[in-house]
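J.: If you want the building blocks of each chain, they are given just below.
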Amino acid sequence: MKEKRNLILLAGLVFLHLVLISVQAPKGDEPAYFERAIFAVFTPIQHGIAAFFQKARDFWNNYFYFRQVQKQNQSLRAELFMLRQENQLLKNILKGYQGAEEIQRLLSPLSRSIIVASVIGVDSGHVYKSVVLNKGSVDGVKKDMVILDRRGRLVGRVIEPITFKQARVQLITDEESGVGVLSEQNRVIGVLNGGPTGKCLMRYVLKTNRDISEGEEIVTSGYDGVYPSRIPVGRIVSIAEDTTLFKSIVVEPYFDFSELDRVAVLAVDLRDLE
Amino acid sequence: MRDFKKVVLGILLAVFVYSVLGKISAPLVVVFNAFAWVVLYFGLVRQEASGAVIGTVCGLLQDSFSSGVFGVAGLTKTLLGFSTGVVARKINVTPVDRSFVFLLVMATAEVALWKLLNFFLFRESLSLGGGLVLLQPLATALVVTVFYQIVKKKQGEAT
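So the protein sequences, as listed, match chains A and B.
Just so it is clear: in the first sequence, position 223 is 223 by the numbering used here, and no numbers are missing.
Just so it is clear: in the second sequence, position 59 is 59 by the numbering used here, and no numbers are missing.
No wet-lab data here; the hints were simulated from the structure.
A few of these clues could be false.
[Claimed, not checked] Taking lysine to any residue and the SDA-like style, the derived pairs with C-alpha atoms no more than 25 Å apart in a straight line are:
id	chain 1	residue 1	chain 2	residue 2
1	B	6	B	118
2	B	23	A	42
3	A	4	B	93
4	A	91	A	259
5	A	55	B	108
6	B	90	B	4
7	A	55	B	28
8	A	199	B	118
9	B	152	B	3
10	B	5	B	32
11	A	142	A	259
12	A	2	A	15
13	A	71	B	24
14	A	143	A	160
15	A	199	B	32
16	B	115	A	11
17	A	165	A	44
18	A	4	B	45
19	B	23	A	257
20	A	2	B	50
21	B	153	B	50
22	B	6	A	259
23	B	23	A	115
24	A	2	B	6
25	A	207	A	197
26	A	165	B	21
Generate coordinates for the entire structure from the input sequences, incorporating the hints supplied.
T.: What follows is the structure, given as structure tokens:
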């Protein structure tokens, strides 16, 4: 009797999961409302834990280390972070422009275009797929905004769901991600997808193309309509050929998971400035 | 009631461990699946009904921290908790070596089922992400075996 009851319980739970999975069938580009609701309910837990650790770390720093030096150091690091972002963005944009007036026009919106965010969660099932940020719609974060690491190198883009104080980021190492890229030296165009081991694959470069080599830097091309051009992405670590028409190019992304505690969200569409 | 508190504490600890590991290094959450620890442990000591319910809770929690489809880890962990409870009731898995092998088999089956579900339902690749996920069953079996043996020893001393 007890075994029968247990089996009924199991059947009920399995049915519940199958229903849960079924109701999440995506409707076009919009994520299911259910997925949004789940994200909204559970991300505050991550936010809380991240905030707890941050507070604990701050407490430790403030009371057990040299207080003033630590404060100054933190402030300088924050400033350095912003300056690096601005510097990288400016370098990228100025490559294509000349003339003082034009540069002045470009500079003014950039200083207000960076939202500094912290990563509060990683994907439990697929580490290289996504992360969760502690900034959301209240802070001005919107879908498809570009995410850069502390050195201004490409990390990914904001995807749904976005709640008031949290947002999910699709990493460029996600197998479902696609970034329009080109090689810095000879401007060979391709599409960058994530690979299974945290590396990326540059696709659709024909075998007959001899203008690409190992060690070359890869930057965004801007042709995908999401990422602005000339953002550093990574470096080619290997090129091989298989039975297909295309080369098999492995790219090591520049961004490092261990440095992802702080990232920059580009709140301005740099393509408008180009 | 006391057991209920233990279950809640276990789940909270799993969330805590997951968050800490994610902060230290992201790939660690692949190797150390704290939700699986809780499901296996309570499946062992509380048998199949509790194992299935705790599996559901832990699995859905894991799903909520993932960008994958909500319910896949829930389904696999429900089956894990239930089957662990059934087997633990029918054969003696108390000795250290037996419990380790048993937990290793169960944890491996769970990872395999999770991968296969993602592959068949959502056409995700079957790649092993550099092999890190292969360490998960080993780490899970090791952690749960050690914890289970310590608790058993403490209970033995108390009685």
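J.: Now tell me, hint by hint, if it's right for this structure.
T.: Hints, one by one, checked against the model:
| no. | hint | verdict |
| --- | --- | --- |
| 1 | B:6 - B:118 | 32 Å, violated |
| 2 | B:23 - A:42 | 17 Å, holds |
| 3 | A:4 - B:93 | 23 Å, holds |
| 4 | A:91 - A:259 | 22 Å, holds |
| 5 | A:55 - B:108 | 38 Å, violated |
| 6 | B:90 - B:4 | 24 Å, holds |
| 7 | A:55 - B:28 | 23 Å, holds |
| 8 | A:199 - B:118 | 21 Å, holds |
| 9 | B:152 - B:3 | 15 Å, holds |
| 10 | B:5 - B:32 | 23 Å, holds |
| 11 | A:142 - A:259 | 23 Å, holds |
| 12 | A:2 - A:15 | 20 Å, holds |
| 13 | A:71 - B:24 | 23 Å, holds |
| 14 | A:143 - A:160 | 7 Å, holds |
| 15 | A:199 - B:32 | 22 Å, holds |
| 16 | B:115 - A:11 | 21 Å, holds |
| 17 | A:165 - A:44 | 8 Å, holds |
| 18 | A:4 - B:45 | 20 Å, holds |
| 19 | B:23 - A:257 | 10 Å, holds |
| 20 | A:2 - B:50 | 13 Å, holds |
| 21 | B:153 - B:50 | 23 Å, holds |
| 22 | B:6 - A:259 | 36 Å, violated |
| 23 | B:23 - A:115 | 21 Å, holds |
| 24 | A:2 - B:6 | 24 Å, holds |
| 25 | A:207 - A:197 | 24 Å, holds |
| 26 | A:165 - B:21 | 22 Å, holds |
In the structure shown, a violation is registered for the earlier hints numbered 1, 5, 22, in ascending order.
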